[in-house]
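*Asks:* Read off the chains here:
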Amino acid sequence: GAVVSQHPSWVICKSGTSVKIECRSLDFQATTMFWYRQFPKQSLMLMATSNEGSKATYEQGVEKDKFLINHASLTLSTLTVTSAHPEDSSFYICSAPPHRGYNGYTFGSGTRLTVV
Amino acid sequence: AQSVAQPEDQVNVAEGNPLTVKCTYSVSGNPYLFWYVQYPNRGLQFLLKYITGDNLVKGSYGFEAEFNKSQTSFHLKKPSALVSDSALYFCAVRDGNAGNNRKLIWGLGTSLAVNP
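The listed protein sequences derive, respectively, from chains W and F. For the first sequence, position 40 matches number 40 in our numbering, and the numbering has no gaps at all. For the second sequence, position 21 matches number 21 in our numbering, and the numbering has no gaps at all.
It is worth saying that the hints were derived from the structure and are not from the lab. Beta carbons: idealized from backbone N, C-alpha and C, even for Gly. Please note that a few of the clues may not be correct.
Below, computed lysine to aspartate or glutamate pairings styled on EDC-like, alpha-carbon distance capped at 20 Å [said to hold, decoys possible]:
#: 1; chain 1: W; residue 1: LYS66; chain 2: W; residue 2: GLU22
#: 2; chain 1: W; residue 1: LYS41; chain 2: F; residue 2: ASP9
#: 3; chain 1: W; residue 1: LYS41; chain 2: F; residue 2: GLU8
Computed footprint of chain F on chain W; a stretch qualifies when at least three of its residues, placed anywhere within it, have a C-beta under 8 Å from a C-beta of chain F [what the hints assert, rightly or not]:
#: 4; segment: 21–27
#: 5; segment: 78–84
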């Protein structure tokens, strides 16, 4: 199997504060994690790719200092939205690519972030 | 350039009728094709994939898709729709010849509404 546990499921924070979202691979080692952002009724927008032991690769137009991504271990990747603003409100989803023993992509359940 | 097109924003079908959600793609190498379903405020659930082999792929919940190389299509089908199939459906493609680049290219999604 392949399970990615994403927490929190939802969070409400005040403008200017930071929020950390965690994704853990529960039964496999994820050397890579994709982080997506999704606006209501829209497709997934790839923000960045985290790699264990190295810097994340950000997609064009994504602010590195705004969205801090850390791949601390083979089972944990985190996305921190720093100094959050209302326009950062969105649905964030992580995904692990195929790995040994499972040739599909595994998605976390998503985090609904609301910045007030 | 690699791309995925889901030409229909929304598909409406009566319960018990067959359904089709369309997807066409463009990749430079061999396509790895995927269908995912998303329910409101949830992560993505895997339905089926085509990597190689039989062009007709059977997946979860009675869904199937047919890989058509000449038409570069991978339409999702189900013989008899259920109200519970109402959700957002995403088609995605990966270039199978892209080596370690395992990014998925996503369609914009199709909202399926099954009416009782």
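*Asks:* Between W:LYS41 and F:ASP9, is the straight-line Cα distance small enough, at 20 Å or below?
*Replies:* holds, 10 Å
*Asks:* Quick one, are W:LYS66 and W:GLU22 close enough, alpha carbons at most 20 Å?
*Replies:* holds, 16 Å
*Asks:* Does F:GLU8 sit within 20 Å of W:LYS41, going by the straight-line distance between their CA atoms?
*Replies:* It holds: about 13 Å lies between the C-alpha atoms, which stays within 20 Å.
*Asks:* Taking a Cβ-Cβ distance under 8 Å as contact, does the segment 21–27 of chain W have three or more residues in contact with chain F?
*Replies:* Answer violated; 0 residues pass the 8 Å Cβ test.
*Asks:* Test coverage of the segment 78–84 of chain W by chain F using CB-CB distances below 8 Å; three residues minimum.
*Replies:* Since three or more residues must qualify, the claim that chain F covers the segment 78–84 of chain W is violated, with 0 doing so at under 8 Å.
In summary, the structure is inconsistent with hints 4, 5 from the numbered list given earlier, while agreeing with the others.
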